[in-house]
Amino acid sequence: MSTPRREVVGVSTGMSRKAVHAKLGANGTMLREERKRQEVWELRDPQFASAIVGYDEEWRVRYITAVAKEKIRYADVLDISAAEHRTDGRNHTYIWKPSPRADYVVRARGTDPEVLTYLTLRRIAGERESEEEDD
Amino acid sequence: MSSVSSLAPISSRLIISFLLSALVALPLAAAQPATGNIDSTTTTPITWVGTSPGGSSAQAETTCVEGVNCETFTITVNGTVNDWAGKAASVRINWLLPATDYDIYIHQGSLTGPESDHSGDGLTTSEDALIVPSRDGVGTFVVHVVYFAATAADQYHGTIDVVPSPFVDPGIATADAPSYRNYAAPAPLGKDAGEPSIGISKSGKAFFLAGLETLRITFDDNDPNAATWVDKSALNTSIESFDPILFTDPGTGRTFVSQLLPTKMSLMSFTDDDGETWTPSQGSGLNSGVDHQTIGGGPFKPGITGRGPLGSYPNAIYYASQDDGLASIALSQDGGQTFGVAVPMWNLLQCGGLHGHIKVAPDGTVYVPNKSCFSGQGFAVSEDNGLTWNLRTVPGSISGDTDPSIGIATDGTVYFGFSNGGGKAMMAVTHDRGLTWQNIQDVGISQGINNTVFAQVTAGDSDRAAFFFLGSKTAGASGLSTDRTFEGVWHGYMATTFDGGRSWVTQNATPGDPVQRGVICTEGTGCPSGTRNLLDFNDLQIDAKGRPHAAFADGCITANCINGVDWNGASTSPTGGTSGVPDGKVNGYDNDLTKRATIVRQIGGKTLYAKYDIPEAPTYLQASYAKPNVKLTWLDHSKSEQQFVIERSTNDESHFATLATVGVNATSYTDTTAQKKTIYFYRVRAVNANGASGWSNSARVYTK
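Taken in order, these protein sequences are the chains called A and B. Under our numbering, the very last position in the first sequence is 135; numbers go up by exactly one each time. Under our numbering, the very last position in the second sequence is 704; numbers go up by exactly one each time.
Hint data in this document are derived by calculation from the structure and do not stem from the laboratory. From the three backbone atoms N, C-alpha and C, an ideal C-beta is built for every residue, glycine too.
Which stretches of chain A does chain B cover? Using the computed rule of at least three CB atoms under 8 Å from a CB of chain B, they are:
id	stretch
1	29-42
2	50-56
3	63-72
4	85-99
Please take these sequences and the hints and turn them into a complete structure.
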């Protein structure tokens, strides 16, 4: 049974942009901003090479996706037995809600059946995109 | 015997050699001057005059006497064949009296070299012939002037000019340029058509998605002015949208409409009966935020385990969007009713998150274009029905501001159109799925385009494609930024190739009626109010006859805006300027900020399918009298003619009547019915089931 991850590279959902910049800035560099209040970070982290952070209208973390640098097993970051597993035989996605009351889900994606490529924490409570219509 | 026999050949050779030397040494009568040089950039005609006495009739070139009734002018054609692409050297001799008669012959290299051209009319005061470097090469040419019935009293004058070549040079499009017509949605329909999409069903009806309205348009090929617009929206796609997208599968005619919802899902329906009934589908299979959803489809690549059709619907349908910093795509194997696992194509570290429209090649290869991958522009490509993806970019391309687009020809050739960083309208062609690229070029240069947005590409036959974009001749990247004082005028331009992308015919497809005045902001939600009415993209598809149909939102529809009146309309007041008070400039403050659904549709000229071509007109018709007949020769440029129709008129060019028809690929005809001492005019055109070409030049001959 893995320990529920509440954060990835020190960033958790709902965190303020200022806090994110303090956390990631200490251990990486922001490469650029993307439309829809998203940021791309290059990290100096033993496990993750980079991270993408998305914010809501109040600049609080909506999601963080980290790109793995070393081998991280799905089982290391979520409870495989409890997670929803989607696969087409080559691509794997695990989606796990750590507890019934959790306001976020853990998603792990990869093309290896054992080792993930992307690890995401995504907020689910009050989920609504930050951007205006017709964009 | 043996010694004699051995000496005799030597003596013969010496004698022959002596005679040849003497002949060469003899000063042949020549024009004055006798030689000249010309290159492809020459602007001053090369001239000379005749010097021979003439008098005795030269019955033919082969029997004339040099220096008496024939003479030569030697012209050196400089440069390379490529230098002369599209050009020729026009050789003309003139004299005063119609009763005088000269003929000219042009030989390559020397008088005994191959004949390139000749002209021998009667009752004229000139003869014309051509040196065509793309056909004849460059170097030395001899102009042989024969005094057929001429004396020094009416001496000829010669000139050689650089002129456009009547021959089709490889890589130079001489096709009949397509013509277009604009069709605007009638009020109250189509008022909210930012980032529109379009599809053409099997019945030939067009579907235009304008926000929440799915509009069906019926055209009438017999009346280019007619277009009937009807709202055929499905219930679940006409409620709310953060992103609208429509796609018609050209292989089946099924039309899909999807609306992205703020709750991070999409609502989708499809129709197989031109919008009479709609079937709601699962919608996107993935969590369909954040932006820029798109649908595409086409044949499955055979032999990919587990990724073929699961029901009666034969084609693959793909849905792509962004989520969690990844651009992902999901495959539907049941015609869009359900979608499978979303597969990441790239992450935001590799490429910008947004992407253009999905395109599927006839062999099942799937492409998703992107404006910013590794600082360039390119696409993600899958050769296993969306299971795995590779990223490929166009060498030398620069990340842009709006989505690039892909058109795929029937043989899989990919035409990649993009607004390059800086705004130029660029095109690149690949035959191997982006591993190598050819014909990378600015297709807007002929129109002086400096800023472009919203590239859209479609293709037909392997060598035919169309590229629609909004372009402004006004320079300055602020045209894509937030600058409402930018004074650019934007039109819709259609560039078309008929030679595999080597050359493009680029036309203003919205002449006299701008699509937008001022800035078209491409900075998304960072754009100030009043600069982003057109939103993020347009669309372009072809119908079954290969006619491009471009969908765009028109931001300039009132007479004031169309005519460029400095009126600072009501829309300016929230963001600058004073409404109704001219400020001395025609810019974004004078734009209408509308987004009216409009279609540019091809109504004439060549389409993207050669099987619908009318033949190209023959050129360079020549008529020469070879007693007692008149021989006609012409150049055949058509690949699809079924016959040539030859017409003849006597004495003037007002009474042409059909003389004969000849078959496919004919380039000559002999008129055996010509009467003596008569002036005839001839013309010829090519005909096939689609229609007739234009007429060739008319050729005149006098049967002396």
